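So for the sequence shown, our numbering puts the first residue at 1; every next one is plus one.
Hints listed in this document are in silico derivations from the structure and should not be mistaken for laboratory results.
This one's a predicted model, so the numbers in the text were calculated from it and none came from an experiment.
Backbone N, C-alpha and C define an ideal beta-carbon position, used for all residues, glycine too.
Any given hint might turn out to be false.
Here are the in silico distance ranges between beta carbons for each label pair [said to hold, decoys possible]: (1) P69 <-> M93: 18 to 26 Å; (2) Y22 <-> N134: 41 to 49 Å; (3) Y31 <-> Q61: 20 to 28 Å; (4) Y110 <-> Y59: 17 to 25 Å; (5) L131 <-> D186: 25 to 33 Å; (6) N134 <-> I99: 39 to 47 Å; (7) G130 <-> Q58: 13 to 21 Å; (8) L131 <-> F53: 35 to 43 Å; (9) N134 <-> Y31: 46 to 54 Å.
DSSO-like cross-link-like pairs, simulated, lysine-lysine; straight-line CA separation at most 30 Å [as the list claims (entries may be wrong)]: (10) K185 <-> K116; (11) K100 <-> K185; (12) K116 <-> K100.
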Amino acid sequence: MLIQLETLTSFLRIGIVALQVYRVRQSRSIYGFSFDYVFFSLIQFICTLFVNFGYQLQYVQKQYARRFPVHPQVPLSHLEAFFSLLSLLLVTMLIYQCIKYRMSRHMFQYVSIYSKLFALVVFSISIWIGLNVNTRDDSKPGTYGFFFIDIFDFIWYASQLASAVKWVPQITTNFLGMNFCELNKDAILLEAISSFILIMIRYFTDVTMFFLSPIVSDCFLHFQLTVNISDH
Numbered sequence: 001m002l003i004q005l006e007t008l009t010s011f012l013r014i015g016i017v018a019l020q021v022y023r024v025r026q027s028r029s030i031y032g033f034s035f036d037y038v039f040f041s042l043i044q045f046i047c048t049l050f051v052n053f054g055y056q057l058q059y060v061q062k063q064y065a066r067r068f069p070v071h072p073q074v075p076l077s078h079l080e081a082f083f084s085l086l087s088l089l090l091v092t093m094l095i096y097q098c099i100k101y102r103m104s105r106h107m108f109q110y111v112s113i114y115s116k117l118f119a120l121v122v123f124s125i126s127i128w129i130g131l132n133v134n135t136r137d138d139s140k141p142g143t144y145g146f147f148f149i150d151i152f153d154f155i156w157y158a159s160q161l162a163s164a165v166k167w168v169p170q171i172t173t174n175f176l177g178m179n180f181c182e183l184n185k186d187a188i189l190l191e192a193i194s195s196f197i198l199i200m201i202r203y204f205t206d207v208t209m210f211f212l213s214p215i216v217s218d219c220f221l222h223f224q225l226t227v228n229i230s231d232h
């Protein structure tokens with residue numbers, strides 16, 4: 001049931017990005033739209049897609065089962081990976097729209113240094129963990145260090161963090177500009193529903209790496225969306 005709900009939230013994310021792509025296409029403008037929001041969304045879906053495929057690897061699943069013997073099955077599905085791929089393709093379309101209309105009408109809009117720094121830190125730490133991976137069998141006594149599962153664990157946390165903070169620059173843009181011209185309200189509502197479902201999943205699930213840790217980030221995300229909706 002929990003995997004199905006996770007898949008539902010992934011499906012809702014497709015609708016969220018699709019609605020925003022449609023909004024920008026109709027208005028042919030990105031005024032009031034944060035590039036940082038798009039950039040964090042790109043990081044989120046790249047990391048999510050990478051994690052979805054990574055956790056399907058047999059030796060990673062074995063490491064996960066040994067680390068979480070109470071819940072040995074990775075709570076991810078191939079369908080969720082497919083939805084993540086579709087979301088990434090839609091975000092790529094949104095990026096194309098941002099580049100197109102920025103060059104023609106909104107040259108002052110850009111990705112901030114903080115967003116670029118976030119991406120650089122995530123990439124650097126992922127490479128560092130990858131270079132220090134212990135290739136020995138972690139089931140043997142005395143084996144310690146980073147393992148392949150740790151790479152995907154970290155990238156998964158990075159995707160959750162990107163998802164949690166992506167609305168912060170958009171709220172700032174809306175507040176400073178006092179407008180919501182090209183921000184699709186229906187997309188915000190879908191995101192709020194998705195984040196609420198995730199909060200319920202985290203709350204009613206036993207303690208594992210996958211579910212308990214991001215509940216704070218999900219609550220923070222839901223708070224941002226509530227602010228955005230109330231300001232419309």
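We went through each hint and held it up to the structure:
1. P69 <-> M93: 18 to 26 Å: Because 42 Å falls outside the window, the suggested range is violated.
2. Y22 <-> N134: 41 to 49 Å: holds, 47 Å
3. Y31 <-> Q61: 20 to 28 Å: Once the Cβ atoms are compared, 46 Å apart, the range 20 to 28 Å for Q61 and Y31 is violated.
4. Y110 <-> Y59: 17 to 25 Å: violated, 42 Å
5. L131 <-> D186: 25 to 33 Å: The hinted range 25 to 33 Å is violated for L131 and D186, with Cβ atoms some 44 Å apart.
6. N134 <-> I99: 39 to 47 Å: Distance hint for N134, I99 holds at roughly 42 Å.
7. G130 <-> Q58: 13 to 21 Å: Holds - the Cβ-Cβ distance for G130 and Q58, about 19 Å, lies within 13 to 21 Å.
8. L131 <-> F53: 35 to 43 Å: violated, 21 Å
9. N134 <-> Y31: 46 to 54 Å: holds, 51 Å
10. K185 <-> K116: Holds, at roughly 27 Å.
11. K100 <-> K185: Since the Cα atoms of K100 and K185 sit roughly 23 Å apart, the hinted pair holds (cutoff 30 Å).
12. K116 <-> K100: holds, 20 Å
Of the hints listed earlier, those the structure fails to meet are numbers 1, 3, 4, 5 and 8, in rising order.
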